[in-house]
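Start from the sequences, fold in the hints, and give me the full structure.
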Amino acid sequence: MTSARTSDLLVVVPAWNEQEALPGVLDELHDALPGADFLVVNDGSSDRTSEVARRGRTMVLDLPVNLGVGGAMRAGYKFAARKGYGVVVQVDGDGQHDPADVPRVVEALTSAEADIVIGARFADKGAYVARGPRRWAMKLLSFSLSKVVGTRLTDTTSGFKASNRRAIELFAVDYPAEYLGDTIESLVIASRAGLTIRQIGVEMRPRAGGTPSHNPAKAALFLGRAVLALVIALSRPSRQPNGATS
Amino acid sequence: MSGYYFALASCVALVVFLVVLLRRRRLREKYATTWIVLALGVCGLGAFPHLVEAIASAVGVETPSNLIFALALMVLLGVCIQLSIEITELEEETRTLAEEMALLRFDLESLRSTVDAAGGPTDTEPHTSSPT
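Chains A and B, in that order, give the protein sequences.
For the first sequence, the residue numbers in this note's numbering are 307 to 552.
For the second sequence, the residue numbers in this note's numbering are 2 to 133.
By construction, these hints were calculated from the structure, which means they are not laboratory data.
Check each hint, because a few of them may be wrong.
Reference excerpt, derived from the structure (chain A facing chain B, CB under 8 Å, subset only) [said to hold, decoys possible]:
no. : residue
1   : M365
2   : D368
3   : R380
4   : F385
Listing some non-contacts, in silico: residues in chain B with all C-beta distances to chain A over 10 Å [to be verified]:
no. : residue
5   : C12
6   : L19
7   : V21
8   : L28
9   : V38
10  : L41
11  : P50
12  : V53
13  : E90
14  : S111
For every residue, glycine included, the Cβ atom is placed at its ideal position computed from N, Cα and C.
Rendered as structure tokens:
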């Protein structure tokens, strides 16, 4: 395990009970990104996630309790802010995101002059199709969020995101831990703070474990919680990135 | 008349209980203030039941006991909201502490591996006995 910063790019993988998929994901990341640093934020896992994550150049943050994806990611952003990383890329630990896409997402930060770039699965690539109420929910979300942030977003709940230094400093102090807060509300926070958000298309692979749910009741619940998260996020007073200490 | 003394005694017991909790630091002062004000209010109403009737007719409530019920509900609602706020604050504090702890543990582990690599003093064995 290394401790010193060897790169400007930090790939953060939030992981909760991912001992099956994580080693493969980390090996792929090492192959695809020979120059980057890797950080696994173990979100209070009860399995051997922490042990299996210690391979290659991977650094591990062990949260003593389960805080949810948002909680794990704020810890990751805090780590990046304190160690002075310039770019953070969030990649899911279940193998859904192709490590080969990471350089493209990072590149888009400079080429699109964006502070945050989302790897979106519906943007002209990929084979994933959501159906029924869940699809309507996602459409409604992407429509309203696109209005808020002022750019077309098609996959608002994507966990594949690159952030530059400005976004890292903002997220290190203000990153919601609530359900859906890490995706929907964080975009509202960033947009309110004057950050530029763009998206590029990436291909999503089937998850290494678990299946996405197609239960209509669950989809309705998802829609309700998503709309609630969005409305609450929009009604909050905004915060400036420079006003906060890092 | 015994009902009157029973009510009064209950109110006084409540005040005494709160003061005891406060003195033993089982209850923080910021929560106790509300409760003590409330207990004293209940004592006042218990001691002078006609006060309730007067207030009830003043605010237009026909049955005085309904005024008490309404007030009690409002007070309980207020307490629940206050507790929710406190829990939210506590969760945020817990979250920050968990993050800091993870970051400190990381720094400690990397420091330890650096020290180990340099052949310095290790912490792998407890310093209970020294070689003779």
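Which earlier hints turn out false for this structure, listed by number in ascending order?
Violated: hint 14 alone.
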